[in-house]
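Student: Below are the chains, spelled out letter by letter.
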Amino acid sequence: MISVRNPEIFGTPIFGGDAAQRGYALNRMCYSFNEAANREAFRRDEEAYCASYGLDAEQRDAVRRRDVLAMIEAGGNIYYLAKLTGIFGLSVQDIGAQQTGLSLQEFRARLSDAGRP
Amino acid sequence: MARIVGSVMTSHVPAIGGAIARGAEGEAYWKPFFDGFGPVHRWLEETRPDTVVVFYNDHGLNFFLDKMPTFAVGAAPLYKNADEGWGLPTLPSFPGAPQLSWHIINSLVNDEFDVTMCQEMQVDHAFTVPMALLWPGAGRRPVRTVPIAINTVQHPLPSAARCFKLGAAVGRAIESFPDESRVLILGTGGMSHQLDGARAGFINKEFDLMCLEKLVADPEVLTGYTNHQIIERAGTQGIEILMWIAARAALTDTVKQIHSNYHVPISNTATGLLLLENSAAA
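If you read the protein sequences in the order shown, they are chains A and B.
Per the numbering used here, residue 49 is the first one in the first sequence, and the count goes up by one each step.
Per the numbering used here, residue 413 is the first one in the second sequence, and the count goes up by one each step.
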């Protein structure tokens, strides 16, 4: 397999073949949440729903803890994960705050500050 | 022959769709963003494009990791919007332009772009939000569409240089289509932003402003960046500048900048807007 290695960028996951292979079951479950009925089924019985998609222990634990960095570590891709975190009532700013260890207010302030001259 | 009138490049943050649905355009948070579109509306009113070719990236509505095309061209009579998982209101379907689609596909493959051809293709917020921004209101939008999706989900992604060549090939295809279509090129996504990882919330105003400047007069400079370099400078999702680069390449070498806007932040994103008019010689 040809692999192109680049130096890591701090805190910046690159969703390549390794992650896509490792995270397939988790991402496939998240993709299913495009359907409202599947979101309902997850809400009704999270354990059974995760089991039906074959999540491994690491993925299951990350989902159970609502821990986005851990989901990414387990191969999750943010575009699919956003469908899952939406079920938890978390916006992209909430998960931004969670991943950076900031409060929501601090995270929003950081974004606003980035626009100042 | 069909004629490309110009291009609009704009961010496509899902929250913009939410703001439109709530009628929040005039609120303090949203006003600096939505006000940017006034000059675009006036230009569209004068220029009256009837067809839009849209470079956008799917975020897991139509395509999944089971089969992920690098470049996918729609060839459907109608493109449906659908729930992306958040239960947001969906927009009415968008009419296609299948004859132009097949002409573009034939021309691209002849030009050695081995695209995926889609007779069914659901379009997500990256397609619908910009359409709603350009033609606000619930009525029928006065245009037919050809969606062209570029993979920005599963690495390796096509390079900026490759996307530039794709855009140029799409431009040649459109301008050899034997009808009188007036075509707008829409490039959606960006600008700098990052949703994932410990660097979430990363924004780089300096890089964005450089891109806005180079896209007008010297776009090929941007093809010198690798995707890794773009991600380092613009964030993981800032890579969506690829759609802007493709759109720019479909235009004439010299273009007239009619309007631009840059506003930070909308949601987690630095938003940009660029309106370029093709040179009259085209």
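Be a bit skeptical, because a hint or two may be false.
[To be verified] Ranges of calculated distance between the beta carbons of each label pair, as one might list FRET restraints:
1. Ala105/A <-> Asp591/B: 28 to 36 Å
2. Arg113/A <-> Met413/B: 53 to 61 Å
3. Ala105/A <-> Lys479/B: 22 to 30 Å
4. Asp109/A <-> Thr502/B: 29 to 37 Å
5. Arg92/A <-> Met413/B: 53 to 61 Å
6. Arg434/B <-> Gly65/A: 37 to 45 Å
7. Met413/B <-> Arg164/A: 46 to 54 Å
8. Glu83/A <-> Pro507/B: 32 to 40 Å
9. Arg92/A <-> Asp591/B: 27 to 35 Å
10. Pro554/B <-> Ala105/A: 48 to 56 Å
11. Asp591/B <-> Glu94/A: 52 to 60 Å
12. Ala433/B <-> Asp142/A: 15 to 23 Å
13. Thr635/B <-> Arg92/A: 46 to 54 Å
14. Gly149/A <-> Gly435/B: 41 to 49 Å
Just so you know, the hints here were simulated from the structure itself, not pulled from any lab data.
The beta-carbon is built from N, C-alpha and C at its ideal position, and this holds for glycine as well.
Student: Take the hints in turn and mark each one as holding or not.
Tutor: The hints, checked one at a time:
| no. | hint | verdict |
| --- | --- | --- |
| 1 | Ala105/A <-> Asp591/B: 28 to 36 Å | 58 Å, violated |
| 2 | Arg113/A <-> Met413/B: 53 to 61 Å | 59 Å, holds |
| 3 | Ala105/A <-> Lys479/B: 22 to 30 Å | 28 Å, holds |
| 4 | Asp109/A <-> Thr502/B: 29 to 37 Å | 34 Å, holds |
| 5 | Arg92/A <-> Met413/B: 53 to 61 Å | 57 Å, holds |
| 6 | Arg434/B <-> Gly65/A: 37 to 45 Å | 40 Å, holds |
| 7 | Met413/B <-> Arg164/A: 46 to 54 Å | 47 Å, holds |
| 8 | Glu83/A <-> Pro507/B: 32 to 40 Å | 26 Å, violated |
| 9 | Arg92/A <-> Asp591/B: 27 to 35 Å | 53 Å, violated |
| 10 | Pro554/B <-> Ala105/A: 48 to 56 Å | 54 Å, holds |
| 11 | Asp591/B <-> Glu94/A: 52 to 60 Å | 54 Å, holds |
| 12 | Ala433/B <-> Asp142/A: 15 to 23 Å | 20 Å, holds |
| 13 | Thr635/B <-> Arg92/A: 46 to 54 Å | 50 Å, holds |
| 14 | Gly149/A <-> Gly435/B: 41 to 49 Å | 35 Å, violated |
Of the hints listed earlier, those the structure fails to meet are numbers 1, 8, 9, 14, in rising order.
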